[in-house]
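Read off the chains here:
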Amino acid sequence: MFQDLSFSLEQGSALVVTGANGIGKSSLLRTLAGLVPLAEGTIRLEDGEPEKLPQEQAHYFGHQDAVKPALSVLENLDFWQSFAAPSVHESFSGSSLQPLAALETLGIGHTALLPAAYLSAGQKRRLSLARLLVTPRPVWLMDEPTSALDKASEQQLLGLMNDHLAAGGLIVTATHTELALNTINVLHLEAPDPADQVPEEALL
Amino acid sequence: MFQDLSFSLEQGSALVVTGANGIGKSSLLRTLAGLVPLAEGTIRLEDGEPEKLPQEQAHYFGHQDAVKPALSVLENLDFWQSFAAPSVHESFSGSSLQPLAALETLGIGHTALLPAAYLSAGQKRRLSLARLLVTPRPVWLMDEPTSALDKASEQQLLGLMNDHLAAGGLIVTATHTELALNTINVLHLEAPDPADQVPEEALL
Amino acid sequence: MTGWAMALFRRDLRLSVRIGGSAIVGVLFFLAVVTVFPFGVGPDLNLLARIGPAILWIGALLATLLGLDRLFQADREDGTLDLMLMAGRPLELVVLIKCLAHWLSTGLPLVVAAPLFSVFLNLDPVAMAAVTATLLVGTPALTLIGAIGASLTVSLRRGGLLLAVLVVPLTVPILIFGVSSADAAIHDPVPFMTPFLILCALTLIAAVVGPIASAAALRFAAD
Amino acid sequence: MTGWAMALFRRDLRLSVRIGGSAIVGVLFFLAVVTVFPFGVGPDLNLLARIGPAILWIGALLATLLGLDRLFQADREDGTLDLMLMAGRPLELVVLIKCLAHWLSTGLPLVVAAPLFSVFLNLDPVAMAAVTATLLVGTPALTLIGAIGASLTVSLRRGGLLLAVLVVPLTVPILIFGVSSADAAIHDPVPFMTPFLILCALTLIAAVVGPIASAAALRFAAD
Amino acid sequence: MDLGPHAGFIIASYGLCLLTVLALIAWVRIDKANQERALKELADQGISRARPDQGRN
Amino acid sequence: MAFWDYANPTRFLKLVQVLLPWLVGLCVATFAIGLYMAFFTAPEDYQQGDTIRIMYIHVPSAWLCMMCYTVMSISSIGTLVWKHPLADVSAKSAAPIGAAFTFMALVTGSLWGKPMWGTYWEWDARMTSVLVLLIMYLGLMALWRTMDDPIKAGKAAAVLTLVGALNLPIIKFSVDWWNTLHQPASVVRLDGPTIHSSQLWPLLVMALAFTLLFFVLHLMAMRNEVLRRRVRALRMRAASVSRPATASASAQPAE
Ligand code: HEM
Ligand SMILES: Nc1ncnc2c1ncn2[C@@H]1O[C@H](COP(=O)(O)OP(=O)(O)OP(=O)(O)O)[C@@H](O)[C@H]1O
Ligand SMILES: Nc1ncnc2c1ncn2[C@@H]1O[C@H](COP(=O)(O)OP(=O)(O)OP(=O)(O)O)[C@@H](O)[C@H]1O
Ligand SMILES: [Mg+2]
Ligand SMILES: [Mg+2]
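Protein chains in written order, with our numbering: chain A, 1 to 204; chain B, 205 to 408; chain C, 409 to 631; chain D, 632 to 854; chain E, 855 to 911; chain F, 912 to 1166.
Since the hints were derived computationally from the structure, they do not count as laboratory data.
Just so it is clear, CB atoms sit at the ideal spot from N, CA and C, and this is done for glycine as well.
Computed, partial: chain D to chain A, Cβ under 10 Å:
id, residue
1, W635
2, G710
3, M715
Result set (BS3-like, lysine-lysine): computed pairs, CA atoms no more than 25 Å apart in a straight line:
id, chain 1, residue 1, chain 2, residue 2
4, E, K886, F, K925
5, F, K1063, E, K886
6, F, K925, F, K994
7, F, K925, E, K894
8, F, K1025, F, K1083
9, F, K994, F, K1063
10, B, K256, F, K994
Please model the entire structure based on the sequences and the hints provided.
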């Protein structure tokens, strides 16, 4: 899918992936998350916990919210806190919040006891975001994190992302809008000139 | 769902419905299309065919394309031409195209014989739009008609809409963007002050 | 048939042929039910012959009902159902035609497979013919009644099992008369035509009640 | 169980209790299959008693397999499955725990209902106890084997019937030993324990093979 | 009182009926308590019916 | 006119409040009388001995399970034709009660059948159609549980209820036909001879008691259902109304 793509990212910095519709931003993130197998090449997290795979030290925040409507908001979050293995080590000083505190931070504390079915799309998204706050992991992979969020929540999200960077975390995010992050690198994906394309295996 | 909403629309003019996310634009269009039952009030199409329901004289162009991937593009369109009952009368002079001509008009004539599964999102949307051209009906209900269309197709769509208006048709459309239509009325939906809300029947 | 009806019929047939799977999976499920019985009951050929018609009927019943869940769901998910409601065609007829196309593509293969499978159950030729005849007349009724369940569960993600549960009580009479006319043909003294005619009558009733109830349910589910 | 396993288990149980339906619908389907048989076979109590264990086993088999289609699908559709793959927990264990929770909420009710339903089939108390015991040991195996089918069909819209067709061949040994140990208990001379122990062994094998195969299939389906 | 040789069946049927009725009563009571608790929780959050119905039918 | 006035949910709740204590009292009293009569004044049957006492709960619960389906059918017409919100509340809350009465009829019938016929279950026409009725009740309950929008669920269930109402006579008829074909008249039962008045009176009193019990439970279940819908609507409001509070939440994670 990708040709000649290689990049490395320093601790405490963010990589913003941009490019046209359908160019492969989401696919890149899913590859980093270990959800799409890598045809060639490697992903390495230096200075991480060596016995863990890179994706086990990363949070993926994609288009789907993984919110169960039948459970209450708090139950949803509690589950992810217990289920996702935390990953901490010396160079990443991020700490984690308690579920209720995370919900408060994201402004949906008042819904904690309601079934998640009653949340609006934006509220669901914030609940999904709270996952990243309750389990510390150094890498955040975020696919269009600001979609379905209004302006205020977007600001708040940027604040959280900057805090994560400040704590020594990494962020890779795909986006169509400008993000005001502190330490930022941009990776712009472009379709190669068709004449340039290596005939793919899949074309057979 | 709506309180105190009433409007009437003249032959040959367009109504653009605007408002914040989740305010009920789509619901309004679906109500007009007869897909959501009306709790109170009436929809009347004066000067239409009296023996038909209003929704049987209207085309609905919503978020879903109703395109069957297993059928070819032409088969998809042919089906809708034979299936949807046309509705013509004196004050609406709109004529209809043959399926192939409609596809050509929308710039997807070359795909006519391909299975619709091969179309991109934007092409599917244009195929869905071709439905409105092959069966004449005076009222067009369009929910965010420009979504997934690029600039050029958007212009073309506006041209078609203006033609429809010129032929004496009616258009009701919900949109977040500006539309350059010739005869335009705007209906802006706003959330009522919560204190003002009449307790709903659903509240029991 | 008028033009639109023919167009709908052809489209539905084409879809089920092209998407494929559905007919094959239905017949395979039928086969699975039929083969599982000898494993359960033990290889007693007389016993199998005795309960053979029942097994075939029950297999056909389950295969039909469980295969019906996508009858309207596919159309609802891509927005086709909305447009059908607005097309200005009587919805009852639309349902009837869809059922017809569905039966042709998934019910008829079951009927065709029944004589083959009855070999596994040690049925003699008369019994084989009788079961096939009753299935030919009875499975359309199952499809038509099942359509009610399909439209009731059109908006649910877990349709299949619930559909079967809702519809099974409604199909009891069809099953009873289907099996008893097959049995009547096998055991000479009892007349075959009486239950068979009742079965035909039930199919006709289903052809009226099914589409009407199903169309009503679809209208309510539209919103 | 460690914390995360308990959390997963509790979540899955809660979900199936709250979303409701699934257990009720499974038992109802079981009941429907059991009642449909006499309609087919005729109200001959001796014959029913003879094939009763088979009917109960086949009913439980179908109810289990057809109820499995949402085991992973629901989690895949809302993105939960992706996150589970990244959670850093052994996927085989995750599958095992999900199967356990699923069995508790839909398989166990079937086992509990079996003695009740066996009254309709005129089973005597010994037969009733034997069938229930074999179901108690055998249905977990059905769930575990069925999980393989569930993960193979996780990305397909029409899971139910296809899943059953894929998995039925794999479950034949369980069915055979289940029914034959029930039969053995009923007809004194044959020893009950031999087939019953084989059934237990099959369940243990299923508890190993099922989660491993199922986890592999889920990993491939992830992309 | 003597219920004859089949006393067990009589007692069992009356007993099971009693149990069923008790289960129904328990269901109704528990359900009511649940709904009222939910209403109270909402009321504590300041959410209650905005205005009582004023004869709107 | 009175009916339509009380058909407003709020007034309905008030009416229930007033009516319930009386109904409960009446129900308990009737049960006391009925049970006393059933066990102490009613004679034992010369054929069946004391097992006849099972009749005093079997027959009323059998009647009630059919009446309950009738109530649900009427309510379903109310839902589909008049679109009245209380109609589907009534249909929904009747289903579990109907299922319970059907269960009672089945259980008492089987327990009566064992001493009388020597078997708990016979695929007799009457018993079979009651069993099918039970499946229908349970299916309706499952349908209601799986759809989360109560309005939609109500309409779907109403369609199914009415189709079932059409179907029940057909089932009854076909099952009769089916059974007599294979087992002509092997079932001896007592419905031929007219019952003596010393047995009829306890039966009627018990039937009255069961009917009152049905209404008490139905009213209570309907009240719960109204409350449940209120909770649902309020929760929706709770989730959406306080949305503005979000913007003011602190932007710093509390570290
Ligand atoms: C599970 C088994 C049984 C079921 C489901 C059942 C069901 C019913 C039903 C639905 C009725 C009401 C019929 C009507 O009023 O039209 C009824 C009435 C009655 N049943 Fe049963 N029954 C069962 C077993 C028995 C047994 C074993 C006996 C007695 C030997 C019995 C004796 C009666 C009597 C005496 C009546 C009243 C007859 C009448 O009102 O005409 N039932 N039963
Ligand atoms: N499941 C899939 N099967 C086949 N092709 C796919 C699949 N998912 C994505 N693709 C293709 O992969 C390409 C990259 O898709 P991707 O979703 O990564 O794009 P993107 O850059 O995220 O676009 P957007 O800006 O719309 O989010 C697209 O051409 C798409 O058609
Ligand atoms: N199926 C549904 N069930 C319950 N509520 C719904 C349903 N669909 C929409 N709503 C609610 O109805 C309201 C109006 O939704 P609608 O889709 O009409 O908004 P919209 O104005 O079209 O928004 P957008 O700009 O996002 O398209 C929303 O508050 C939504 O939560
Ligand atoms: Mg993307
Ligand atoms: Mg909209």
